[in-house]
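J.: Here the structure of chain A is known, so what remains is to put chain B in place on it, guided by the hints.
Going down the list, the sequences are from chains A and B. Per UniProt numbering, the very first residue in the first sequence carries number 1; after that it's consecutive. Per UniProt numbering, the very first residue in the second sequence carries number 1; after that it's consecutive.
No lab work stands behind these hints: they were computed from the structure. Treat the hints with caution; some may be incorrect.
Since the list can't tell identical chains apart, any single copy or any two copies may satisfy a pair.
With a straight-line cut-off of 30 angstroms between C-alpha atoms, the simulated DSS-like cross-links for lysine-lysine are [what the hints assert, rightly or not]:
id: 1; residue 1: Lys178; residue 2: Lys467
id: 2; residue 1: Lys302; residue 2: Lys162
id: 3; residue 1: Lys96; residue 2: Lys386
id: 4; residue 1: Lys223; residue 2: Lys275
id: 5; residue 1: Lys223; residue 2: Lys386
id: 6; residue 1: Lys178; residue 2: Lys520
Number of protein chains: 2
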Amino acid sequence: MRRFLTDRARRAVAASLRGATRPAAPSPAPAAALSRPSPSAPSAMAAYMARAMSTSAAGTPPVSLDTINPKVLEFKYAVRGEIVTHAQNLEQELHKNPESLPFDEILYCNIGNPHSLGQQPVTFFREVLSLCDHPALLDKSETHALYSSSDAIERAWQILEKIPGRATGAYSHSQGVKGLRDEIAAGIAARDGFHASGDNIFLTDGASPAVHMMMQLLIRSEKDGILCPLPQYPLYSASIALHGGSFVPYFLDEETGWGLEVDELKKQVDEARSKGITVRALVVINPGNPTGQVLAEENQKKIVEFCKNEGLVLLADEVYQENIYVEDKQFHSFKKIARSMGYTDDDLPLVSFQSVSKGYYGECGKRGGYMEVTGFNADVREQIYKVASVNLCSNISGQILSSLIMNPPKVGDESYESFMVERDGIISSLARRAKALEEAFNSLEGITCNKAEGAMYLFPRLHLPQKAIGAAQAAGAAPDAYYALRLLQATGIVVVPGSGFGQAPGTYHFRCTILPQEDKIPAIISRFKEFHEKFMDEFRDVSRDEAPTGA
Amino acid sequence: MRRFLTDRARRAVAASLRGATRPAAPSPAPAAALSRPSPSAPSAMAAYMARAMSTSAAGTPPVSLDTINPKVLEFKYAVRGEIVTHAQNLEQELHKNPESLPFDEILYCNIGNPHSLGQQPVTFFREVLSLCDHPALLDKSETHALYSSSDAIERAWQILEKIPGRATGAYSHSQGVKGLRDEIAAGIAARDGFHASGDNIFLTDGASPAVHMMMQLLIRSEKDGILCPLPQYPLYSASIALHGGSFVPYFLDEETGWGLEVDELKKQVDEARSKGITVRALVVINPGNPTGQVLAEENQKKIVEFCKNEGLVLLADEVYQENIYVEDKQFHSFKKIARSMGYTDDDLPLVSFQSVSKGYYGECGKRGGYMEVTGFNADVREQIYKVASVNLCSNISGQILSSLIMNPPKVGDESYESFMVERDGIISSLARRAKALEEAFNSLEGITCNKAEGAMYLFPRLHLPQKAIGAAQAAGAAPDAYYALRLLQATGIVVVPGSGFGQAPGTYHFRCTILPQEDKIPAIISRFKEFHEKFMDEFRDVSRDEAPTGA
Numbered sequence: 001m002r003r004f005l006t007d008r009a010r011r012a013v014a015a016s017l018r019g020a021t022r023p024a025a026p027s028p029a030p031a032a033a034l035s036r037p038s039p040s041a042p043s044a045m046a047a048y049m050a051r052a053m054s055t056s057a058a059g060t061p062p063v064s065l066d067t068i069n070p071k072v073l074e075f076k077y078a079v080r081g082e083i084v085t086h087a088q089n090l091e092q093e094l095h096k097n098p099e100s101l102p103f104d105e106i107l108y109c110n111i112g113n114p115h116s117l118g119q120q121p122v123t124f125f126r127e128v129l130s131l132c133d134h135p136a137l138l139d140k141s142e143t144h145a146l147y148s149s150s151d152a153i154e155r156a157w158q159i160l161e162k163i164p165g166r167a168t169g170a171y172s173h174s175q176g177v178k179g180l181r182d183e184i185a186a187g188i189a190a191r192d193g194f195h196a197s198g199d200n201i202f203l204t205d206g207a208s209p210a211v212h213m214m215m216q217l218l219i220r221s222e223k224d225g226i227l228c229p230l231p232q233y234p235l236y237s238a239s240i241a242l243h244g245g246s247f248v249p250y251f252l253d254e255e256t257g258w259g260l261e262v263d264e265l266k267k268q269v270d271e272a273r274s275k276g277i278t279v280r281a282l283v284v285i286n287p288g289n290p291t292g293q294v295l296a297e298e299n300q301k302k303i304v305e306f307c308k309n310e311g312l313v314l315l316a317d318e319v320y321q322e323n324i325y326v327e328d329k330q331f332h333s334f335k336k337i338a339r340s341m342g343y344t345d346d347d348l349p350l351v352s353f354q355s356v357s358k359g360y361y362g363e364c365g366k367r368g369g370y371m372e373v374t375g376f377n378a379d380v381r382e383q384i385y386k387v388a389s390v391n392l393c394s395n396i397s398g399q400i401l402s403s404l405i406m407n408p409p410k411v412g413d414e415s416y417e418s419f420m421v422e423r424d425g426i427i428s429s430l431a432r433r434a435k436a437l438e439e440a441f442n443s444l445e446g447i448t449c450n451k452a453e454g455a456m457y458l459f460p461r462l463h464l465p466q467k468a469i470g471a472a473q474a475a476g477a478a479p480d481a482y483y484a485l486r487l488l489q490a491t492g493i494v495v496v497p498g499s500g501f502g503q504a505p506g507t508y509h510f511r512c513t514i515l516p517q518e519d520k521i522p523a524i525i526s527r528f529k530e531f532h533e534k535f536m537d538e539f540r541d542v543s544r545d546e547a548p549t550g551a
Numbered sequence: 001m002r003r004f005l006t007d008r009a010r011r012a013v014a015a016s017l018r019g020a021t022r023p024a025a026p027s028p029a030p031a032a033a034l035s036r037p038s039p040s041a042p043s044a045m046a047a048y049m050a051r052a053m054s055t056s057a058a059g060t061p062p063v064s065l066d067t068i069n070p071k072v073l074e075f076k077y078a079v080r081g082e083i084v085t086h087a088q089n090l091e092q093e094l095h096k097n098p099e100s101l102p103f104d105e106i107l108y109c110n111i112g113n114p115h116s117l118g119q120q121p122v123t124f125f126r127e128v129l130s131l132c133d134h135p136a137l138l139d140k141s142e143t144h145a146l147y148s149s150s151d152a153i154e155r156a157w158q159i160l161e162k163i164p165g166r167a168t169g170a171y172s173h174s175q176g177v178k179g180l181r182d183e184i185a186a187g188i189a190a191r192d193g194f195h196a197s198g199d200n201i202f203l204t205d206g207a208s209p210a211v212h213m214m215m216q217l218l219i220r221s222e223k224d225g226i227l228c229p230l231p232q233y234p235l236y237s238a239s240i241a242l243h244g245g246s247f248v249p250y251f252l253d254e255e256t257g258w259g260l261e262v263d264e265l266k267k268q269v270d271e272a273r274s275k276g277i278t279v280r281a282l283v284v285i286n287p288g289n290p291t292g293q294v295l296a297e298e299n300q301k302k303i304v305e306f307c308k309n310e311g312l313v314l315l316a317d318e319v320y321q322e323n324i325y326v327e328d329k330q331f332h333s334f335k336k337i338a339r340s341m342g343y344t345d346d347d348l349p350l351v352s353f354q355s356v357s358k359g360y361y362g363e364c365g366k367r368g369g370y371m372e373v374t375g376f377n378a379d380v381r382e383q384i385y386k387v388a389s390v391n392l393c394s395n396i397s398g399q400i401l402s403s404l405i406m407n408p409p410k411v412g413d414e415s416y417e418s419f420m421v422e423r424d425g426i427i428s429s430l431a432r433r434a435k436a437l438e439e440a441f442n443s444l445e446g447i448t449c450n451k452a453e454g455a456m457y458l459f460p461r462l463h464l465p466q467k468a469i470g471a472a473q474a475a476g477a478a479p480d481a482y483y484a485l486r487l488l489q490a491t492g493i494v495v496v497p498g499s500g501f502g503q504a505p506g507t508y509h510f511r512c513t514i515l516p517q518e519d520k521i522p523a524i525i526s527r528f529k530e531f532h533e534k535f536m537d538e539f540r541d542v543s544r545d546e547a548p549t550g551a
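Next comes chain A alone, as it looks inside the complex (with noise of 0.2 angstroms):
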């Protein structure tokens, strides 16, 4: 009885300091709850029992969900949320009795992460990290003998001789290695044609604590908005939500391969300013998570106008820059095309985003990344660098690998030739493997999907049955959460729900990687099939003439 009082007290208390502390949603929430169902209005009374048991001295623990920061309890992260747990549940129950389910290995598709499938290390970067971790290696003439190239070796002295002191143990310059930034620069400088500087670039451990970084600096409270894509990838939402600022949401265009309208942003920016919403950012994501579209030079063009226009930030995921499958389409930085219109440091608040878990490298578990700041003055440049100092630096081997993919090896050196065989191999490879996923879910029935031109995911639309929706809703499940879940219980494979992304009312999808490796695909894809045909099977909707009689 008591914990049932807790229980209520607690999402009493719940909603009303949501309601205390942020505004009304934006309509749709960009990540919905997968089942938990939503809090029923709060009673005053409820509200006030939760209140004096919080408050009451001994007895109750000093930390439970009425207590704890609100913002916490409201935010959704859906790509490790509760799918995800229910499949790491399913694993540990495979490898307890590995005849318990219908499959025999859990195949995470949720999640951006290609080593956990089987991609390997690109060989050179790897020599480099393992030598500058170990520098007394360089010292012994035993190591030329193990590794492929001397190029390797030479790197890693070069590296060495960056870091004060060659010491890759010590705290870095909070910016991260000096030396490191301006090879980064290098890098930039080098894809652009035009100037980048190493004091701009900020390394950090992978790009989400960049990201959370300028959601900290610029939000100042639930009157500061910031434009995000729906679908969008969910640590912006995270982050805003943690930051206490208000998401405010721009649609991407399914029916146009996921375009992004500039006359959609404006519309969402005055309906927001006409709420009294402060918007200070445009995030877009480029080429897209979860849509996996790449946009066109004209399209940025007109983008970057707006953000100049309405006085934005222009926040520019790029981590998939290396991501791009379709001959048709070339990455250009937002940073390229804003200075290719003329657009100097002067006009433009930019930060573009990069890590070493995407392209070809996939080296998820190293952390590294940075982002480049341009176009703020030097004050605000200051508490930039002041937010970063609180957390000292970043890893110095994530920072090493970031300057490697900024500055990998270049034709003449010795290495070249077997680095681009293996970079070129895991690029097409992960193209056909687009493409094989892709048609697979246009073959299907109630399936429709657009083309993956980058990144490392299908978002494919579920034309769900009504029947479906109805069994999803008795469950007490959003449909394409059931969906999901279906599918992990009858083949294994782990997919996010598209309402973990947001998406148009009313529509279904789910996110698929690209990752598993390229001799899994067809096994993948029929046991994906399977799956689908009986779940239309038991949920076609009938049509009057097909009734049965009776029904």
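T.: For chain B alone, coordinates are given in the frame of chain A:
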């Protein structure tokens, strides 16, 4: 003129925002400004103009100090603050023109960063790391010739077996690799003699992100307070400010060797509560930073009892657990103390922070660490996991190193002897350096210094002449900041002013690490002495009977 107005307006807005979002700061301010004059009282006109400027459309930058998150603007982080920036500028000057300054190198005694000052990494740890970074080495016969012991190779194999797919390049579970967490838990159990579970370990990129996670969880608004020592490591004041909470200070007693008295805790909690603050947690740093004291077991018991009675979370910063320099003191974890008192997981929420950056290893650049989270209910634990999951996971090298420091070579292992020689060499040298510096400080006029029983710092007190305090005021600086700046300019030695850590009103200190290599200590001491004596000669208060005629 416009710039002047903007600056005035900026300060006015910042001040008014501070007023609006935070209650009166606890006195004394935990981290007072180094040299920035306090903002003048906002005039309504200036505030109005600033607001008008910041919201006017075109022409003004989208982001300025007026429009960033005031919590970012407010917090200070002296360990990498203005004095360090000044030192970095001097270093560049030295680099360009080695003869321009009265010293030939900058000695960074501002930060616990041992490898930056020449401490060598522990061989066993780095051997294992390099093998895990490039597992292909493990398959080659030449590898044995390169590595000093076969157990490093064996350990690398064991670690890879714990990582799913041996993929050190994959994101792990958001708490860290389960097998590594289990190994850490076994190390904790061996240390404490009480059970520990890998399920309670959250691996993080150093201890700082773990502290932020707990602050994010616990702080709902400025009405939530966190009890922190004064002096304190400014990570705490910075994190509390960034998360919008109230810093509730308790004073360590310098007279009794920086004693932590429960009466003082009680007094401060009661006072905070009388102001409407809900005190959520107590931060204890043991061994102390910046103070170097090691708590006695009896004292720790009283602290645990206090937290239990007052319903506080105990946040135990135990990152210096291996840095103990005196015979009569020993490290006891708070969990061991609590369990030895009979308190179980149900009695007391307790978080212990550990890091690979400290101890004899000092691997700051690896950004490894963990928190052991006990005494929270499952609902709340789930929320902590959710916060961890937004950044996906901590870096795998840091995770591996965390497991190594909690499970170093043991008696009987091939590498044990050489490992112990390295380990003990570092610890005993640190103890000698601490003693030499302490004695040197205590030998000087106007300085008193407690013993460093542990950690990596001394926190000497400056008994400054009135004339020196006057000179500091004339220069617009805090007296200890003025002293630190003069020291830097005369000797190249970088210390952090006591005001960066907080100190009892009217007292002045500085924090100086004990980390310069041992062969440099005599020269540092003589440079320091020479500076200090000149400083005292310049400012010594002249007593009346010695006053020159006419003064």
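J.: Using 30 angstroms as the alpha-carbon threshold, which applies to Lys178 and Lys467: within, between, both, or neither?
T.: Intra 60 angstroms, inter 41 angstroms, cutoff 30 angstroms: neither.
J.: At most 30 angstroms between CA atoms: does that hold for Lys302 and Lys162 within a copy, between copies, both, or neither?
T.: Classified as neither: same-chain Cα gap 40 angstroms, cross-chain 50 angstroms, threshold 30 angstroms.
J.: Using 30 angstroms as the alpha carbon limit, work out where Lys96 and Lys386 are close: within a copy, between copies, both or neither.
T.: Between copies only: 27 angstroms across chains, 49 angstroms inside a chain, cut-off 30 angstroms.
J.: Tell me, please, which holds for Lys223 and Lys275 at an alpha-carbon limit of 30 angstroms: within, between, both or neither?
T.: Answer is both; intra-copy 9 angstroms and inter-copy 28 angstroms each pass.
J.: Give the relationship of Lys178 and Lys520 under a CA distance limit of 30 angstroms: within one copy only, between copies only, both, or neither.
T.: Between copies, since 26 angstroms is at most 30 angstroms while 43 angstroms is not.
J.: How do Lys223 and Lys386 come out at 30 angstroms by Cα distance, when the copy is not named: within, between, both, or neither?
T.: both (24 angstroms within a copy, 25 angstroms between copies)
Taken one by one, the earlier hints fail for this structure at numbers 1, 2, listed in ascending order.
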